[in-house]
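Chains A and B, in that order, give the protein sequences. Mind the numbering: the first sequence is residues 0 to 388 in numbering that gives the first Met the number 0, read in order. Mind the numbering: the second sequence is residues 0 to 252 in numbering that gives the first Met the number 0, read in order.
Hints are computed from structural coordinates only; laboratory data are not their basis. Some hints here could point you the wrong way.
Derived DMTMM-like pairs (lysine to aspartate or glutamate); straight-line CA-CA distance at most 25 angstroms [as the list claims (entries may be wrong)]:
1. B:Lys31 with B:Asp75
2. B:Lys124 with A:Asp14
3. A:Lys12 with B:Glu145
Sample of chain B residues with no beta-carbon within 10 angstroms of chain A, all distances over it, derived [stated by the list, open to error]:
4. Val3
5. Asp6
6. Glu29
7. Asn67
8. Ala125
9. Glu129
10. His132
11. Tyr140
12. Ser181
13. Asp184
14. Lys196
15. Met209
16. Ala229
Cβ-to-Cβ under 10 angstroms is the rule here; a few derived chain B residues that face chain A [said to hold, decoys possible]:
17. Asp72
18. Gln78
19. Leu92
20. Ile102
21. Ala103
22. Leu105
23. Phe112
24. Arg118
25. Tyr121
26. Glu159
27. Gln166
A virtual CB, placed ideally from N, CA and C, is assigned to each residue, including glycine.
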Amino acid sequence: MASLTAFQPSTPKRDAIIMAVFAAVVLTAPIWLTPIGASYPDLLQRFAIFGIFAIGFNILFGLTGYLSFGHAAFLGVGSYAAVWMFKLLTMNVLVAIAFGVLVTALFSIVIGYVCLRRSGIYFSILTLAFAQMSYNMAYSVLTPITNGETALILETADPRIIDRALLGDAKEALPSPSLFGLELTGYAAFYFCAVVLILAFWVSLRIFRSPFGLKLLAIKSNQNRMIYTGYNTRPYLLVAFVISGMYAGLAGSLMAITDPLAGAERMQWTASGEVVLMTILGGAGTLIGPLLGAGIIKYFENIFSAVGKTQLSELFAFLPDGLNEALVGLMSLFVGEGWHLTLGVLFMLVVIFLPGGLMEGIKRLTDWAKSRRQGGETVGDGAAHQPSE
Amino acid sequence: MANVVLDVSDVNKTFGGLQALSHINLQIEEGKTHAVIGPNGAGKSTLLNVCVGRLAPDTGAVMFDGVNLTGMDPYDINQLGVARVFQTPEIFLDLTLIQNVEIAALAKRDGAFHFRPFRLMYKEKALTEEAEHMLEDVGLYRLKDEHTGNLSRGDKRRLELAMCLVQHPRLLLLDEPTAGMSRHDTNRTIDLLKRIKERGMTKVIIEHDMHVVFSLADKISVLAQGAIIAEGAPDEIRGNPKVQEAYLGGAHV
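Only chain B is shown next, with the shape it has when bound in the complex (with noise of 0.2 angstroms):
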């Protein structure tokens, strides 16, 4: 068996009455796609928050690479080589393509904290050639100077993939990385996801989409009501009726 890269073990996690989370064991081996799909409320995106530090689970412990995250500081969480891309897209509105990217790329070389007031932005080439690279890759090179804030929803969360992409993280997380996107802009998504899969990164994807799910996942666990209630290759999923009666009340998939 590979390498797990995260392993979270029995977390439980409660608002008020509610059982968000319950006994929820995943483990996500490296260099896979896992794919965690549900109907709407299942709990996807209060795991993927336990995973960054953005809550602290109840009970157990989310283990990133022998390291417990539990009770982490997203930041820190972030220097480990985690990275995420949220569910609106969110980015730095106000600056350019470019220094978006810059800001994360200084992020991963520079630490959480780095005070060098007399450093100038102009100086850092290779900074710069690197965030221009990462543009490239996910197609948005010539709007490298344009301001964020006038680019389409697909485009958005694009230039979010590359500022987290260009910190070469060991583990991306992404919480629905289509929704809302047209057709054409959900095809090129998918086909960069698989570009990067190429290189062996990591992925942990939150997805409604059943074509992006089975585009791109080796494993799929299926979350229903806080709990995980099937767990396998994306054949088998399919071909599950558990998941056909929780996820579309009967219909075929």
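Just chain A, with the same shape it has in the complex (with noise of 0.2 angstroms):
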């Protein structure tokens, strides 16, 4: 089986191309997300991070089928990080950035030190355990770092070290997180998030072409296998979950950035279970999938749900009364408060239809066009198509 997961060896020339298409798509998102009335920034910039997110969490579960069901706690640590640097030091933006990836990082260090001791579901578990316990904490014991439920926000009276340094006093209002002196906020904050997110697509793009890489996906096929190879496979699994982890902490800063509060619900387990829906529907261990599912996800959840009946009816309005009213009515039990349902439909089709995500879809169709214009001479291989695990 012609596997999408598979290592992909690639040439510098089609790598050069991938990012130029990639960053002009991102950047004239703005643009082309109009007609689908999904372009303004604050929807923007939650496709750019959960973006980053999925591309983080792809690394560890697309390379090495290693499945974390915890990594919304980073996410919420990125958060918490990135906040504290806004409160303790300064409103720029690359300070809080640092600080959110670097605790991140020693936090997944030990979480991933103490759960890659076990594979398959016991790792998930144990990762499932870590996140519940940390939202826990959250909530409870951590309430100085945390401030509980209320969650952390910016106060006039935060200290803010260096701004007030270098600033003098600070004006009677909340300063917003800023680059240099740039305001992050509307289109200005999409676009350093843009540009955050090219950069974290090309160290995952390099990543897929390394033979680190490679040696992961190794792991994934069969670990027995690498081992007798000579390969000690446990500081491999651990490097890829504290990369995987920094990509969440990332995220994590960039949502204190484009608003600027850290709560713990961001820990979850339902925001550890969207990531992974995000990473299948699009299709796991891919490089555009996880991106392609965040952006699925991430439309519904704002666009989809907030069509109500009212728009339905002028749908169907050219349809007869009765017809029009029953129509109506089955449908809006999937839009609106229903968008889960139409997302949980969605996702059974393609876990059962394209076991390889969306990306698969579109390579079979991509394969399907080109052995159409050679004539029959097929491209793909007949072989029936696996779940990747």
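Reassemble the complex: the two chains are provided individually, in unrelated frames, and hints are given to aid placement.
Here you go:
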């Protein structure tokens, strides 16, 4: 089976094209997302941030096959760390990001070291347990750091040592996160997130093309063979786990930048589950898939959920009254509050018919188009597709 | 007497009440092909597992070139120069043949752990070339970009062998290298193993097929119920009545 998750040898030229196209698509997102009503900064930022989260998750799950159910904990830790930097030192976002990523790296070393003593379902359960523990601790004993249920927020009385030293006493109003004086709100914040996303994607691309990435795929394929081939697999897995945790920390810091507060609900298991869904929906182990999944899920959450009965009746206004009402009644189950249902159906369809995610669907389509163009000389293999673990 | 590469001395291993290995002594000489034969359940695979660190012996020691392997991790044993071919082919499915061999070559070059995430695989020209030569050697070059899942059992074994050989091990352990192969594939494998022998690589072969054993082995040890009951050159073993009794229930070899 020519698996999607197989190692792609690629060439420098091909990678340069991938990067150029990717950068162009991301930076022009405000334009091409306008027709589907997704072109406002708040949602665009969320696409970029969850894209980063999913890319990072994919480095662990897509390459090594280790399924973590606790990645939201890293997201939360990144957010808390970033907000603390805003409060204590400066509103400069680079400091917040650096600190957020550093703290998550340390945190994921500890959690990874413990969880990676087991594999398979036991690893998943351990990560889930750790994340839930972090979530509950953020609400209880860690209240001095996390501010418990109120969430960690900025206050005018915060020390902000560096800012005050450089700019003198701050104004009455709450400052916004900024990049050397440029306030990151609205589209500025989106473009900042977009640049970070492009860098994050580039790092992930390099890992996918490196001997390190090949070894991670080999661990997923046959860990036993790896050990008898002379590899100590534990540190490889730990490094992959920490890198993926750092991506989550980066995403968490960016969340704090676009909306400077940090609450424990970011660490809840539903958030961990969400990134698993994103990755599988798009295609685990593929470069672009997780991003696609993240975009689709966030789109559903924000746009589809806002569609109500009125819009549906307008859409079907051309139909006779009785039919219109019946159709609207049926469809309204799937929109608004019911968007989870639509997402669930989509997810089931993908897992059953396209176990390789949406990327597998795209590949099948291009293979089919190619084979048609070449007049029946098939490119794709006829072998049955197996789900990648 | 030639240099002893692998020295198994007085190894015992029990599973529950079963004495899987009892007082095993085995010296493998450099450059020789040493076959271990015996009926099912004689302890052949257990012996091999003790040698590669998969199992720890209860008592006794396994010395490789002066290093005590007892209690060492399998990857460290491999890094010392001991490679193993498994009874059921252990290869990387989902990857291509060339990538399988490259991974093995990387282990030899970079060691048990090596982290350089910004190196690019497509710039490792020398490594790829080495892997291609190896595939040519075992006759799989034309399939190099295929996925290993599509290979026949015989080809999978040859690929696994290539992965071991690319590491230039000092000692190669083969667990039934021709099990489940057709006669044609078996003969090809015998030819391949003979060629390796000419390069002076030391080998331990566990095998059921007497045709394979007598074509390759310099020395044979016969294992029965966890103990070595006979040892010697192929001709001595062939004529040994004790071996015929244990191995074939009295029938002729």
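To see whether the hints hold, each was checked on the structure:
no.	hint	verdict
1	B:Lys31 with B:Asp75	23 angstroms, holds
2	B:Lys124 with A:Asp14	18 angstroms, holds
3	A:Lys12 with B:Glu145	23 angstroms, holds
4	Val3	23 angstroms, holds
5	Asp6	21 angstroms, holds
6	Glu29	21 angstroms, holds
7	Asn67	19 angstroms, holds
8	Ala125	13 angstroms, holds
9	Glu129	14 angstroms, holds
10	His132	18 angstroms, holds
11	Tyr140	17 angstroms, holds
12	Ser181	23 angstroms, holds
13	Asp184	21 angstroms, holds
14	Lys196	22 angstroms, holds
15	Met209	28 angstroms, holds
16	Ala229	30 angstroms, holds
17	Asp72	7 angstroms, holds
18	Gln78	5 angstroms, holds
19	Leu92	6 angstroms, holds
20	Ile102	5 angstroms, holds
21	Ala103	5 angstroms, holds
22	Leu105	6 angstroms, holds
23	Phe112	5 angstroms, holds
24	Arg118	5 angstroms, holds
25	Tyr121	5 angstroms, holds
26	Glu159	8 angstroms, holds
27	Gln166	7 angstroms, holds
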